[in-house]
Amino acid sequence: MFDIVAFIPRAIGQSVPLLFGCSGEILTEKSGNLNLGIPGVMYVGGISGVIGAFFYEQHCAGGNMNGFLAIMIPLLCSLLGSLIMGLIYCLLTVTLRANQNVTGLAMTTFGVGIGNFFGGSLIKLSGADVPSIALSRTSAFYSRALPFASKMGWFGKVFLSYGFLCYAAFIIAIVSAIILFKTRKGLHLRAVGENPSTADAAGINVSRYKYFATCIGCMIAGLGGLYYVMDYASGVWSNDAFGDRGWLAIALVIFSIWNPLIGIFASILFGGLYIVYLYIPTGMDYMEFKELYKMIPYVVTLLVLVLTSMRNKKENQPPASLGLSFFREER
Amino acid sequence: MAEAAVKLVNITKSFGQVRANYNVSLEINKGEILALLGENGSGKTTLMNMLSGIYYPDEGQIFINGKEVSISSPKIAYELGIGMVHQHFKLVDVLTATENIILGLEGKLNKKEAAAKIKEICDKYGFEINPDQKIYDMSVSQKQTVEIVKVLYRGANILILDEPTAVLTPQESEKLFNVMRNMKADGKALVIITHKMHEVESISDRVAILRKGEYVGSMMTKDTNASEMTDMMVGRSVSLNIERPKPVDPKPRIKVECLTVKNIEGIDKLKDVSFTARSGEILGIAGISGSGQKELLEAIAGLQPAESGSIKYINENGEEEELLGKDPRKIEELGVALSFVPEDRLGMGLVGNMDLSDNMMLRSFRKGKSPFTERKSPHSLAEKVVDDLEVVTPSIETPVRRLSGGNVQKILVGREIAHAPTVLLTAYAVRGLDINSSYTIYDLINQQKKKGVAVIFVGEDLDVLLEISDKILVLCGGRVSGIVNAEETDKNTVGLMMTKVMTDNENKEENPKTGDSDE
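Same order as they appear, the protein sequences are chains A and B. Heads up: the first sequence begins at 0 in numbering that gives the first Met the number 0, then just goes up one per residue. Heads up: the second sequence begins at 0 in numbering that gives the first Met the number 0, then just goes up one per residue.
Honestly, the hints are just simulated from the structure, not real lab data. Predicted, not measured: the structure shown is a model, and the values here were computed from it.
Below 35 Å or equal to it, Euclidean Cα-Cα: the simulated DSBU-like pairs (lysine-lysine) are:
| no. | chain 1 | residue 1 | chain 2 | residue 2 |
| --- | --- | --- | --- | --- |
| 1 | B | 110 | A | 184 |
| 2 | B | 211 | B | 449 |
| 3 | A | 313 | B | 123 |
Can you make the complete structure from the sequences, with help from the hints?
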């Protein structure tokens, strides 16, 4: 029996890191920066939050933790970590005009390396027997649901049972869409991504828009890493657990044709696909099918990429100057 | 006399080793249309880009209405009332006309209000645009209108138009000139950059001339004439006549019958095209850009598969050979040379990162027997082309992309004719070239004609087409709207033929299809 009330909250839980990554990368790509460093950024966002939480938990060992600080310290650490990643990327690609693909891939390798390095160090520091850190006290603050959720039956379970970062993901996606498509700043940002020399000639500061969009995009994506550790994984950090969610988030950007609103639905769909294998009854005789079902999100990703490359409506194409650096006095 | 709207004093600008402008001083007055003339690479666009804030001068001063200013960004240029319509339009394809026009402005986003203001400007000067139309659905002249409205919307009093007529039909150009006269009557200062002398004579009040980055002088248009202006641009006396030698013993060389070509989406790019190109004759091809010129030449050269029809090559002895379905190399061996100059010049024919002699080799590398390349003969061919055509290049080893457009084109045409073709296909051979280089190319083509080569010449300047061609084939939306004798027709007739077939057939791909789809 397919238990839809149990399935939806898990699917949404899975979708939140994807949605953060996707919204962040959409903002970034709209500025013409193809940031393939997003998986690394999300990883750094996660580990930075973990570092903050770890030391605050150590500080309060034995005593009570202040709820506000328990949330704010990891949150700010995470934002700072991913901001630094964004600044490095911008410095390389916008100011120094390095190749975006190479820079992005390097940032991913770098971010994952940083995460595993500090993760490993913290595991050593904590002296745990298992190769992971459990920050369950901080996690309790992060995954705290609305107090009346449990009293409202299936409605509470499906809509109200999440920690605040989950709602933040949806709000950020909606706000990003409004900014992109309804405001002057959004119009300028889209122009920068489409045709920077036009934007420049129209008096828009191209570099500034690229920096802001990319850095804000990175900070949003980094929250995906933070959510994953603090809420989804109940505060347990172990190296490489974050998996390939960063790459899926980048694929989702294409799937959602650079629209964060479509990104919401796309990420829920993918979140569901990610865990659907747990809910398809296979029986004990056919365990091997489970492994096949686990492939679904990747197969769908490939299908989506094939399908989207066949679309030929101009508006649904990637920003025209995606991946190119801009230099005003180029001849 | 009132104060000059713009005064440039001793402006100098260099790009690395190249000095684009040196010590240029120039005045632009209100209520006046100034034509800025000069050969390719003489620094006209660079100079104007410094006014519009794209480039920043290394030395010199700029005065706007008598006050010294520093134009460090396009934004400041707009604030000073300077607007420039660039040669390559600065528009975002996926946005609407309104969105493009208000791009970069501050304040709350109110598209309705903006559209109303746009309409007001259009009514005042006689433009027609649909504010909600997307740029990618627009024709070239509509895009240009958006560019001009964009500049006016920002309250520009000083307008710079960089080769605005290069892509327009004669009728569209005339419309633009009327608008320019309206703006002039409104007290605005206008600068137009163009290579077409008859336009300079008909629209401008004053001309200013640059040569190799330096200011040569200015004079009232009514006191001068085309040949004097050209002499000043080039620095020596130049003959401005295109000769048209009588064809000697023309024989059919290429016979095209009922050729139909479809593009990848299945739309007809050419429909039932039939004509004959004769040896020793220049067949001009006129048409709005995108009417099938590219497909026609590519089909002859074997680069474009055809749906139906036939293309026959007829050799000296009158033997016919079908070209359709042959591979480009075979066609090349028959003596059909394609010197196609696409919009980006380097796209077909030359490799930008390779030097001159390597580019010469692209045509001959198959001939060698040894596994190693033979570099001597391409090198000497490159030297010969450079000498014969007065190509300005630091050396034979310079990558082609570093040369100016005119020189690139000379190399391409020079290489093609060096192989003694029997058929020469050229498209837009003088696009963007200054008058001196253009005449060199015309001479080259005429020399080929005299040698008995059948020349198919796709051009955009009707005046030139009328002067150089023996016959003109007019394409419209992929169909032949007529073949006329160049000596017996005039510009207006051909201009009308370029747009005629479109109105009475179903093949309207050239027309913007929307206007209602985004509502």
